[in-house]
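Peer 1: Given chain A, work out where chain B should sit, using these hints.
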Amino acid sequence: MPHASKKGRVLVAMSGGVDSSVAAALLVEQGYECIGVTMQLWPEDLPLAHESGCCSLSAVEDARRVANKLGIPYYVLNFAHSFAEEVIERFAEEYLRGRTPNPCIVCNEKVKFGTFLQKALELGCDYVATGHYARVEYDPERGRYLLKRGKDPKKDQSYTLYGLTQEQLARTLLPLGAYHKDEVRAIARELGLVTASKPDSQEICFVPEGDYRAFMERYKPESKRPGPIVDLDGNVLGEHQGIAFYTIGQRKGLGITHPTPLYVVAIDEATNTVVVGPREAVQGMSLLADPVNLIAVPELAGPMEVTCKIRYRVQEAPATIVPGEDGAVITHFEEPQSAITPGQSVVWYDGDIVIGGGIIERDLKELKVAGPLPAAKAGAAR
Amino acid sequence: MENGRIYLDHAATTPVDPDVVEAMLPFLTSEFGNPSSIYYRGRQARRALDEARDAVAQAIGAQSPREIIFTGGGSEADNLALKGVAWAYRDRGRHIVTTAIEHHAVLRAAKSLGDQGFDVTYVRPDAHGIVAPEAVREAIRDDTILISVMHANNETGTLQPIREIAAIARERGIVFHTDAVQTVGHLPVDVSELGCDLLSLAAHKFYGPKGVGALYVRRSVSLAPLIHGGGQEQERRAGTENVAGIVGMAKALELSAVDRPQRLEKIRRLRDRLEAGILSAIEGARLNGHPHERLPGHLNVTFDGIEGESLLLNLDMQGIEASSGSACTSGSIEASHVLLAMGLDRKAALGSIRFSLGKRNTIEEIDRVLEVLPPLVERLRNTRISPGF
Numbered sequence: 001m002p003h004a005s006k007k008g009r010v011l012v013a014m015s016g017g018v019d020s021s022v023a024a025a026l027l028v029e030q031g032y033e034c035i036g037v038t039m040q041l042w043p044e045d046l047p048l049a050h051e052s053g054c055c056s057l058s059a060v061e062d063a064r065r066v067a068n069k070l071g072i073p074y075y076v077l078n079f080a081h082s083f084a085e086e087v088i089e090r091f092a093e094e095y096l097r098g099r100t101p102n103p104c105i106v107c108n109e110k111v112k113f114g115t116f117l118q119k120a121l122e123l124g125c126d127y128v129a130t131g132h133y134a135r136v137e138y139d140p141e142r143g144r145y146l147l148k149r150g151k152d153p154k155k156d157q158s159y160t161l162y163g164l165t166q167e168q169l170a171r172t173l174l175p176l177g178a179y180h181k182d183e184v185r186a187i188a189r190e191l192g193l194v195t196a197s198k199p200d201s202q203e204i205c206f207v208p209e210g211d212y213r214a215f216m217e218r219y220k221p222e223s224k225r226p227g228p229i230v231d232l233d234g235n236v237l238g239e240h241q242g243i244a245f246y247t248i249g250q251r252k253g254l255g256i257t258h259p260t261p262l263y264v265v266a267i268d269e270a271t272n273t274v275v276v277g278p279r280e281a282v283q284g285m286s287l288l289a290d291p292v293n294l295i296a297v298p299e300l301a302g303p304m305e306v307t308c309k310i311r312y313r314v315q316e317a318p319a320t321i322v323p324g325e326d327g328a329v330i331t332h333f334e335e336p337q338s339a340i341t342p343g344q345s346v347v348w349y350d351g352d353i354v355i356g357g358g359i360i361e362r363d364l365k366e367l368k369v370a371g372p373l374p375a376a377k378a379g380a381a382r
Numbered sequence: 001m002e003n004g005r006i007y008l009d010h011a012a013t014t015p016v017d018p019d020v021v022e023a024m025l026p027f028l029t030s031e032f033g034n035p036s037s038i039y040y041r042g043r044q045a046r047r048a049l050d051e052a053r054d055a056v057a058q059a060i061g062a063q064s065p066r067e068i069i070f071t072g073g074g075s076e077a078d079n080l081a082l083k084g085v086a087w088a089y090r091d092r093g094r095h096i097v098t099t100a101i102e103h104h105a106v107l108r109a110a111k112s113l114g115d116q117g118f119d120v121t122y123v124r125p126d127a128h129g130i131v132a133p134e135a136v137r138e139a140i141r142d143d144t145i146l147i148s149v150m151h152a153n154n155e156t157g158t159l160q161p162i163r164e165i166a167a168i169a170r171e172r173g174i175v176f177h178t179d180a181v182q183t184v185g186h187l188p189v190d191v192s193e194l195g196c197d198l199l200s201l202a203a204h205k206f207y208g209p210k211g212v213g214a215l216y217v218r219r220s221v222s223l224a225p226l227i228h229g230g231g232q233e234q235e236r237r238a239g240t241e242n243v244a245g246i247v248g249m250a251k252a253l254e255l256s257a258v259d260r261p262q263r264l265e266k267i268r269r270l271r272d273r274l275e276a277g278i279l280s281a282i283e284g285a286r287l288n289g290h291p292h293e294r295l296p297g298h299l300n301v302t303f304d305g306i307e308g309e310s311l312l313l314n315l316d317m318q319g320i321e322a323s324s325g326s327a328c329t330s331g332s333i334e335a336s337h338v339l340l341a342m343g344l345d346r347k348a349a350l351g352s353i354r355f356s357l358g359k360r361n362t363i364e365e366i367d368r369v370l371e372v373l374p375p376l377v378e379r380l381r382n383t384r385i386s387p388g389f
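Heads up: the protein sequence lines correspond to chains A and B, in order. Residue 133 in the numbering used here is what sits at position 133 of the first sequence, and the numbering runs on without skipping anything. Residue 24 in the numbering used here is what sits at position 24 of the second sequence, and the numbering runs on without skipping anything.
Treat each hint with caution, since some may be false.
Stated by the list, open to error - Now the stretches of chain A that chain B is said to cover, found in silico as 3 or more residues with beta-carbon under 8 Å:
{"no.": "1", "region": "205 to 218"}
{"no.": "2", "region": "335 to 346"}
To be verified - Derived pair list, reagent style DSBU-like, types lysine-lysine, alpha-carbon separation capped at 35 Å:
{"no.": "3", "chain 1": "B", "residue 1": "Lys-347", "chain 2": "A", "residue 2": "Lys-110"}
{"no.": "4", "chain 1": "A", "residue 1": "Lys-220", "chain 2": "A", "residue 2": "Lys-155"}
{"no.": "5", "chain 1": "B", "residue 1": "Lys-210", "chain 2": "A", "residue 2": "Lys-69"}
Stated by the list, open to error - Taking beta-carbon pairs under 10 Å as the criterion, some of the chain B residues facing chain A (in silico):
{"no.": "6", "residue": "Ala-55"}
{"no.": "7", "residue": "Asp-272"}
{"no.": "8", "residue": "Thr-302"}
{"no.": "9", "residue": "Ile-306"}
{"no.": "10", "residue": "Gly-331"}
{"no.": "11", "residue": "Ile-333"}
{"no.": "12", "residue": "Glu-334"}
{"no.": "13", "residue": "Leu-340"}
{"no.": "14", "residue": "Leu-344"}
{"no.": "15", "residue": "Arg-346"}
{"no.": "16", "residue": "Arg-379"}
{"no.": "17", "residue": "Thr-383"}
{"no.": "18", "residue": "Arg-384"}
{"no.": "19", "residue": "Ile-385"}
Derived from the structure by calculation, the hints contain no laboratory data. Source: prediction; values computed, not measured. Quick reminder that beta carbons are idealized off the backbone N, C-alpha and C, glycines included.
So here's chain A without its partners, still in its complex pose (with noise of 0.2 Å):
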């Protein structure tokens, strides 16, 4: 297919917000054949999270006019099915597994850069953008795309991206990697975007008011399952309503009363039981992560020195990481890391370039659980 441009075709995916506006703008700007696309992701039979937010028809419409100013062809594609199936169902089922999945992590490695590539392709296109704060590189050394953070410490989004493959980052371009969010909002006004001055999402798209237990009720109805709160002794403290509706480091509403703060410190899917401990056993100093997804290099071939994050919003911590079995790895940190959380990723960097990053299996300490819950058993849920 002939293209109108010498530097190639870019479906560029358009949620209706202020930086996906922009990134495209940047793109038409840089001379790219840009189709814009807005991905309707949730079920039309199913009620909106947010009346005004991802997937509503105002962010169709806002997306649809900045289209037209931009004078690029727009259109709206159902990824409803790729949607429920790969994010919504794996969510529930973490949780149901007493997990505490990231829901982005897995849409962007399925969905955005999986089943919109997919469009991408089948549309003669080169390349895929979104207005992620990130950006990709090529590395002629390496031989490698290198994923890096980008300009805005604060907005910063590579954690999330850690899991696109090699060929996934070679069609990926994000133009916002290179601006801070202040100037994306400066270029919105001077376009006269119409998303120039609308406010940052944050939530989880698909669950409201970030209340993930209601909306486990809801979905899962059987995540309602009742079990025993035990403390590290073996003692039966209270009843849980549901390992789904707990997450690790947890304290506020376990409905116990204690002379000494409790946390959760472990929960066992096999036993249906939630384990509470005091501060310090909520420290762990090293993890286990596979599945792992390796960007700056090929593979791990021995220790490796890395700072790192185990959740989206926490501070970067140093360690190490080493080679695990079947391409697991482990990460040992410097300092005790609190909540170590199954479920969440692990990240790793190199100053601004992500190294690659995995699901996290389990805390690798010992807990020392008397009772009914074998200490072994603590977090290992798969």
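Peer 2: Chain B alone, transformed into the frame defined by chain A:
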């Protein structure tokens, strides 16, 4: 081939015929009067309106022009038919029979009645998309007050046995409505011959303007209005009449009768050429709808292993305009409820697209589509990224 683009979506809408535009223009400029005004200019507008009503009544075989209610289009006509009859006859019963393959204007009007205490039965079609008269008969209950079955399906073009279904309704004394939005202005449509009590039509499907349609209502049928206000349309549809649009619709309907057999034959030949070309050149391409009992311009095809959405967007980029399933409110493509009701699975329904031909299509355009389509389907089937980690 205007602007180098090939338009194959005439079931969605059609270009307004230049003669229709000419007929409308005076009523947008010098003859702008309100038909309800008593002075000369008002009387002129009223006369145009009366003539248009006569023409529409005559074109569809109505007994009297009083049986024609002008509306703001096909969806309004369908809504007026269903809700108007349901509310007028609610003391006799609360049951409505329609089909699973109706246009959303009928389906969602029925659903809204369902929310208001009416009971709706949706009859399913066979694998060709035909609704069996016997299936309609079986759905009838003692409290059935309305049956609504479309004349031809908008997605497949399949024609329904309206005469037989109307006869069953008549036999049981039940009001019968048909949504003829896809057929009026194409096939000869005569309300007495069909035996229907109500019939919906829309001007923009037959080279008339958008935003105007009509509902035929047999004199013996009662109808509650949806829109209250002035006494226009015999107090069944208030609001100042869209005179220019109505005049345009009457003109378009009149033109549709000129050289009808030749025009239909030309369209059918082009459609058959496209159909044969696609089915022979592309493996895993299957026709949806009835092979013969079908409007001459419709062609609905499933392509195994691809998404209709991708095919449509690629065709758009190559200047070919077709459509798929039904668009949802945001404009994204959903699996067609019509194809699903005919028994296709979700994948097959999403892998289908509709071409609908019109009087201005040419053999060169059809051959261009046949040149573009097979390699495109092939390319889509071979485009795959490897999954992530």
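Peer 1: Looking back at the hints listed earlier, which ones does the structure fail to meet?
Peer 2: 1, 2, 6, 7, 8, 13, 14
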